[in-house]
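Peer 1: With my numbering as the guide, the letters of the sequence shown map in order to residues 65 to 178.
Honestly, I wouldn't trust all of these hints.
[What the hints assert, rightly or not] Label pairs and their computed distance ranges (CB to CB):
no., residue 1, residue 2, range
1, Phe90, Asp65, 13 to 21 Å
2, Gly108, Ala144, 15 to 23 Å
3, Ala83, Lys153, 33 to 41 Å
4, Lys102, Leu148, 16 to 24 Å
I should point out that these hints are in silico values taken from the structure, not numbers from a laboratory. Everything numeric in this text was worked out from a predicted model, so none of it was measured. Ideal Cβ positions, reconstructed from N, Cα and C, are used throughout, including at glycine.
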Amino acid sequence: DLLTKSEKAMELLQSKDAAWALDCLFHLPDELGDAMRKVKIKYGWRLAGGYDLVTPAMIETPDFFLKTLLMGTQEDPNLAKAGLARVRKLANEWKSALPEEKHAEFEEILDVGR
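With these hints in hand, go ahead and build the complete structure from the sequences.
Peer 2: Written out as structure tokens, the structure is:
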């Protein structure tokens, strides 16, 4: 929501120079800049596709990272919430089959997998 409210951020998301645009987004001031830096920390070194370690990380593929952010601004929030609810329901079913002492580990692995 912060991205869509910022005209400058929306312009940057559509830039042809993805590396420059990402750098600008990560250096924005105030709440939006803080949020972008948190996104970089949380998702920047996740693999851009698949689980093979030779696959570049998001931060190493600025075009992909920027496009992913732009797509996120175009998502229907109700659809996203419904999808998250379905995932949570399924995850809870799987988790219930595990011993109680494994629940925290399951949640940690699920979070990393997202």
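Peer 1: Hint by hint, say whether it matches the structure.
Peer 2: Quick rundown of the hints versus the structure:
1. Phe90 with Asp65: 13 to 21 Å: holds, 18 Å
2. Gly108 with Ala144: 15 to 23 Å: For Gly108 and Ala144 the Cβ distance comes to about 21 Å; the hint holds.
3. Ala83 with Lys153: 33 to 41 Å: Given a distance of about 39 Å, which is inside 33 to 41 Å, the answer is holds.
4. Lys102 with Leu148: 16 to 24 Å: Once the Cβ atoms are compared, 19 Å apart, the range 16 to 24 Å for Leu148 and Lys102 holds.
The structure meets every hint from the earlier list without exception.
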